[in-house]
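Trainee: Here are the chains, one letter per residue:
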Amino acid sequence: MKNAVSVSGYSVAFAAPLAVYFLLFFVAPLAVLVFISFYADPQLGRMGLDQYRTIATDGFSLPVLADTLWLGVQVTLLCLLLGYALSWSYVRSPPPLQKVLMLIIVMPLLTSVVVRTFAWVVILGRQGIVNSALLDLGWIDGPLKLLYTRGGLVVALANVQLPLMALPLITALQKLDPNLEDASAALGASAFRTFFRITLPLTLPGIVAGCLLTFAASITAFISQSLIGGGQMLFMPMYIYQQASTLQNWPFAAAISLVFLVAVLACVALFNQLGRMSRGHAAG
Amino acid sequence: MNPTRRHLLGSALTLGAMQLFPGMSHAQARKLVFATFTGSWEEAHRDVLVPAFKKATGQDMLLDAMLSVDQIAKVSAARSNPPIDVMLHDPGPALTAISQDLVEPFPVAGSKNFKDLIPEAQDPMGPSMFFQVVGLTYNPDKIKTPPTSWADLFKPEYKGRVGITNLNSTLGTGFLVELARMNGGSEANVEPGFKAIERLKPSLAAVAANPGALAALYQQGQIDISPGNFNAIQILKARGVPVEFVAPKEGAIAFKTSIHIVKNTPNKELAAALIDVALSPEVQTRLMQSPYLVVPTNGKVKMEGEIAKVLAKDTAELKKKFVFQDWKKINEQRPEWIARFNREIKV
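As they're listed, the protein sequences go chains E and S. Take 1 as the starting number for the first sequence in our numbering and just add one per residue. Take 285 as the starting number for the second sequence in our numbering and just add one per residue.
These are computed hints drawn from the structure, not numbers from a lab. Any given hint could be a false lead.
In silico DSSO-like pairs for lysine-lysine, Cα to Cα no more than 30 angstroms straight-line [as the list claims (entries may be wrong)]:
#1 S:479 - S:428
#2 E:145 - S:521
#3 S:485 - E:145
#4 S:630 - E:145
#5 E:145 - S:428
Just chain E, same shape as in the assembly:
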């Protein structure tokens, strides 16, 4: 009898190692971070809310935060656009082609982020692939500045993060019953209407998952942001590093890390809410 009780009891027990792991290596450091952020000076001498006051009033930290989140939105939108089209053609390809496509989609995840990023330095440079192609075609007179620009950074980040968008979308699209789209078409809906009334709402969970992953990965992409964005763009990861390492100002670094964390959590919550609301709308 004893054994029959606890199918669910076992599953909780199985989560215990992970829970301990999280407590030790995530919750505890996070608590330390919170504690440090309440020191008033870099020498850790006095407690106080000074760091948070500085963030709220210096007129610099909050714009950097907003700009970082905006970068995440830009990359996510581009990824969604490219990723949806890619996933769409993937699920409609014959199986042999799917294998090749999947390899191509996963490839960026299998290469080191440094290598990928340097590849983009080569692509976007003055003598890079884009500029030489445009020059050879005679479309431009001199090399364009692509590296160290916002546009270049968004495109490069979108490439790096695309698998995180494409994989959940592929799963969602594969689960979609093709009969539903056929039925919609048979009942006289245009392809456009079918897409927006049937396909898009039913793949919404995939979209939400993909967007969350892409967003989180692109706002924290320290290496890509600094190598392709350059020193004239400042995003939160570099800002935190600068304060923590170069200036050894741990309280301020801790405080901006936490503000960043809370802002990202708020974005995630907002996005989940949007997903839920539009799902209700689609059902109704």
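Fit chain S to the known structure of chain E by using the hints.
Mentor: Just chain S now, with coordinates in the frame of chain E:
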């Protein structure tokens, strides 16, 4: 006794933990750990310093390469049981480490080589092991007349061709101070330096996030002239990238790179021994030669090769041509400068 599941699990966990934290099992007697810098420095120290240390003491040692600021973070996170025995620092972080009480004084009395160092390098809290030198670097394929002065960066023909780095690095900060000095400022007053950077803005092709990124920018033809580290340029040259280094007529900026015994190290004697080996004329002579080209601090080392050609023939000339900056003053105001640079250079 029959091994039970619990026992097995226990042993497995212990083994796993030992795999994860190898330091746990032999925390008492560990090899000397020297935190050198990444890249060519690590290579040079692996080839020259480690064998010399082995010869002098009969002991093996480990190199753990990381940036100066990361060494400070690691040591201050574990003050009572530091994972590093000997640190290597740029001048700014060196003062930070000393002020945070992370450094043990070097026992000068027991040292054979300390007294032979040139006076600028003699500091008991951390003698300098080598100098890093910052001058002008340029692409000789694009710039036919070699630049001679920092002022050349402002020439109209280099518009859109100039690269600099931000103030996160010693190089970037040192360059700002030098611009200030050229324009009547000093370490205490960098206002003229910021004004100069404002004037330089139209010429800028790139503001790199770190000095290492400058290398990629030369390779990509993104920039043709920039302030640059003598040793970083040698690596690029060796890989066939068209770059040259010149010491500007105002003097090349020299950064003392100091070597420190970490406070509370379990290997204090060995740490002192390593430092003495690092200061010895034999090691410094070998490090000065190709391919390392590390600028020596020991007055007994005779300059030769590329260093004699490009930088200085002897210590007298070296002192004349190198500009040392007051990093104590710089450190005091660096946070404000970085905040200001962040704001003013942002696009």
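Trainee: Hint by hint, say whether it matches the structure.
Mentor: Each hint, compared with the structure:
no.	hint	verdict
1	S:479 - S:428	holds (28 angstroms)
2	E:145 - S:521	holds (25 angstroms)
3	S:485 - E:145	holds (15 angstroms)
4	S:630 - E:145	holds (16 angstroms)
5	E:145 - S:428	holds (24 angstroms)
When each numbered hint is compared with the structure, no violation occurs for any of them.
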